[in-house]
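S.K.: In order, the protein sequence lines correspond to chains A and B. Each residue of the first sequence is one higher than the last, beginning at 0 in numbering that gives the first Met the number 0. Each residue of the second sequence is one higher than the last, beginning at 0 in numbering that gives the first Met the number 0.
There are no misleading hints in this set.
Calculated pairs, DMTMM-like style, for lysine to aspartate or glutamate (alpha carbon to alpha carbon, straight line, at most 25 Å):
#1 B:Lys257 to B:Glu235
#2 B:Lys257 to B:Asp287
#3 B:Lys73 to B:Glu28
#4 B:Lys102 to B:Glu333
#5 B:Lys257 to B:Asp234
#6 B:Lys73 to A:Glu48
#7 B:Lys73 to A:Glu52
#8 B:Lys102 to B:Asp465
#9 B:Lys102 to A:Glu145
#10 B:Lys73 to A:Asp84
#11 B:Lys73 to A:Asp85
#12 B:Lys102 to B:Glu116
#13 B:Lys257 to B:Glu230
#14 B:Lys214 to B:Asp182
#15 B:Lys73 to A:Glu51
#16 B:Lys102 to B:Asp335
#17 B:Lys214 to B:Asp144
#18 B:Lys257 to B:Asp282
To be clear about the criterion: a stretch of chain B counts as covered by chain A if any three or more of its residues have a C-beta under 8 Å from a C-beta of chain A, and this derived list gives those stretches:
#19 86-97
#20 171-179
If you want the ones that stay clear, here's a sample from chain B, every Cβ over 12 Å from chain A, calculated:
#21 Gly219
#22 Asp234
#23 Ala410
Treat the hints as calculated values from the structure; they're not laboratory data. A quick note: this is a predicted structure, and the numbers were derived from the prediction, not measured. Glycine included, each C-beta is placed from N, C-alpha and C at the ideal position.
So you can see what is in the structure, the chains are spelled out below.
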Amino acid sequence: MSEAGATRGLGQAILEVLLQTLLPGNGTWPSASELGLAHAVRERVGMAEGHEEALLRVLGALPEGFDASSQAEREETLHPLAGSDDFGALLLVAYDAYYVQPGVLLLLEERCGYVTRPPQPDGFELAPFDESVLARARGREPFWREA
Amino acid sequence: MIGAGAGGGAASWRLAQAGLDVVCLERGEWTDAASYPAATPGWESRRVRDFHPNPNIRRRDTDYPIDDSTSLIKPLMFCGVGGSTIMWTAHNPRFHPSDFRVKTLDGVADDWPLSYEELAPYYELNDRMIGVAGIHGDPAMPERDPRPLPPLPLGVGATRLAEAYDRLGHHWWPADSAVLTRDYDGRLACNNCGPCELGCTRGSKASSDITYWPKAIADGAHLVTRAAVREITLDERGRASGAVWIDDDGREHHQPAKIVVLAANGVGTPRLMLLSNSKRFPDGLANDSGLVGRNLMLHPIALATGVFDDNVDSFHGPDGLTIFSQEFYETDPERDFVRGYGVQVTRGQGPLITALGGFALDVPWGRNHHDRFEQLFGHVVTCAILIEDLPHEHNRVQLSDTVSDRFDLPAPQMVYELDDNSRRMAAHGIESSSEALREAGAREVLTMDMLPMAGFHLMGTARMGDDPTRSVVDGSGRAHDVGNLFVADGSLFTTSAGVNPTPTIQALALRVADQIISARRDIAVPTDV
Ligand SMILES: Cc1cc2nc3c(=O)[nH]c(=O)nc-3n(C[C@H](O)[C@H](O)[C@H](O)COP(=O)(O)OP(=O)(O)OC[C@H]3O[C@@H](n4cnc5c(N)ncnc54)[C@H](O)[C@@H]3O)c2cc1C
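Okay, chain A solo, but in the shape it has when bound:
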C-alpha cells in the first residue's frame, strides 16, 4: 500500500472517483457519481468478509493525482490492478450497488424488458410444453450404444 493509500478510507472522495471510473455512465445509463453510489457501496462493503479490506487495498494502490486525471488516464492506471482478487471484490460491490438503484432498475425494465420485482411470490407464466417442436428430433432412429 502506498503512503497516501494508508490514510485513504472509504469515506474519502477518492472512492467516488474510483467508482466513477468503473461506471462512468453514457448518457442513457447514469454514472456512479450521478447516483451517489459511494454511499451504497459503503453500506454493502461489510456484507461479506474481506471486502472492506479489499477495497481499502485497491484505494491504497492508487497513485497520487488519480482523482485529478482524466477518465482515460484513470482507466489506464487501473488496468494493471484489474486481475486481482481485490479488484474482483471491488467490482462485485460496485455492480451490486449499481444494479439495484431505482434509476437503473427503471432502465432495466424500459430498455431491456427485465422485470425488476423479486421473482417470487408471483413468478412468471409457465407455458405448456409444445410437443410440435419435437417433430424432427423424434424422427431420428435410436443411436444409443448397446452395452
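Here the structure of chain A is known, so what remains is to put chain B with the ligand in place on it, guided by the hints.
M.R.: Same frame as chain A, now just chain B with the ligand:
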C-alpha cells in the same frame, strides 16, 4: 447414516420404510424455504454472498472449508438437510448403458460392477419419488417408463437452438428436470420464477429435504442436525461400531450403529474416511486399496455463449437447462478423444451476474461497460459443454496440512488437474456449439475453455468395483475391507459419464439400501450395539 443430502435422504427413506432403525447425522441444519432469496429485493446479490454455491465463499458456520489451492476447478456444494440438492438446478438425466461399460467398449478406466438394466428400476423409483418432468422418445437413450410430468417449456433461446440443431441434423431433446410442471405429491407446480439455485421457495424443485426426508421421518428415521461427524469408530474386530460427532458447543457424542452408511458426498465421505484412521486402518478407514479419496472426478465444463441481436428473454426461465444435445456423447474413433460430452443449453443471468461476466461474457468496466452490458443482457444463450471426466488416481481428495475447520479438524484438500482428453473434448465442444449457436442466429460467440467455478459434481473418491485392489466398495456399495460399512453418495462412481450425476446417486443410494435390507441378517455387526 452420515449426511442428509441427495444420497443420504434416498437411502434413509428406503431403509426406514423397510423397518430399520435409521439415525442420520447431518452437519448442517434444516433450511427454511421462506428465507430463500427469491422473494426479496436484492435477491441476486445473495448469490454472490450467503447463497454462493462455493462453501469457501459462502462461509456459513455449517459449512466446512475446502482447500482448493491445488485444484483448477473449485468445489460447489451445500451443507444442510437436502445437502447440495438445496442449490441444484435439478437437471435429472440418466447415464447411458455404455457408461457402465467403458473398459469393455473403449478400453479406458473400469467397468462398473453393475449395469444400466440393474439400475433402471431405481431410476424409475427415484423419478416417481421426486417428481420428474420430461418426455419419452429420446433416440439417444433406451425406452423407459413415461416421466410423471410433462417437460418444462423451452423458452425463446433454447427454441432457437433446437431449430438450429434440427437444421444441422444434431440430436437434441427436452431436459429431464426434477421441477414440477404440475402439482404433484402435495407439492406445488413451478411458477417459472427462475433462480432454482437459490433454493425453491415453493417446493417445486426436488431437494431431498422436501422429497425423501418427510417420508423417511414419517417412517421412523431420526435426523440429528448440526452434528458434524469426525470419525467412524471400529470395534475390536474391525467392524464399524458407530460415529463420533461434535455439536455446536464442541462437545463430542458417540452414536452407536450396527451398520454405518456414508453419504457425505464425494469430498465429505473420503475426508471422513481419511480422518478415521486406526491401528487396523492407519491410512484411513477401509483403505487397504489406498484408493480412498483417489480418482476424484468433477465434470469439467467449457462454455460457448451466443450473442443475439434481438432480446431472447434469456433472464427468464429456470436456471438450469430446458434442452440438451448428446450428438457427441458416445465414443467415435474418428475424433481425437475417447468417450464424449453433452451440451446443455442454458439461459442468461440477472443484471448483477451479467455485469460480473456470467457465463463467458466480456463485460468491461469503464467507458464501454454500459454499451456492452446492454448488448449482452437478455441477448445470450449458453451452451455448457459437460465433459466426461476420466478417473485418474492423482486427482484426489486428501487431508489438508494447512486448512482446518472450526473444530480444528483438517479440511479436505482437492488435488485436481485436467487431462488432455478433456482439453480436446472441450475444444471440440466449443467448436460444435459455436457452429450451432451461429446457425441459431448468434452474431458473436464468446467462449471459455474451462469454467473454474464448476465443481458441482463430486464423484469417484470411494469407487465401486469387483476388484478390491482397484476399488473401495463392491457393487452393493459395501466396503471391501469393512463388512458393515456402506457408501451411498457420489463417491461411489466408477466413472463419471457425460451427464449430471444426481439421479444416478439417488438410484444407487436406493439400491444400496435394498442391498442392506436383503443382506442384513448376514452382515456381521458389532454385538454390543
Ligand atoms: C449449484 C449447484 C447446482 C447443481 N445442479 C445439478 C443438476 O442440475 N443436476 C445434477 O444432477 N446435479 C446437480 N448438482 C449436484 C448435486 O447437488 C449433487 O450431485 C448431489 O447433491 C450430491 O449428492 P450426495 O448425496 O453425494 O451429497 P450432498 O447432497 O452434497 O450431501 C452431503 C451431505 O453430507 C453432509 N456432511 C458432509 N460431511 C459431514 C460430516 N462430517 N458430518 C455430518 N454431515 C456431513 C453435508 O452437510 C451434506 O448435507 C448441483 C450442485 C450445485 C452446488
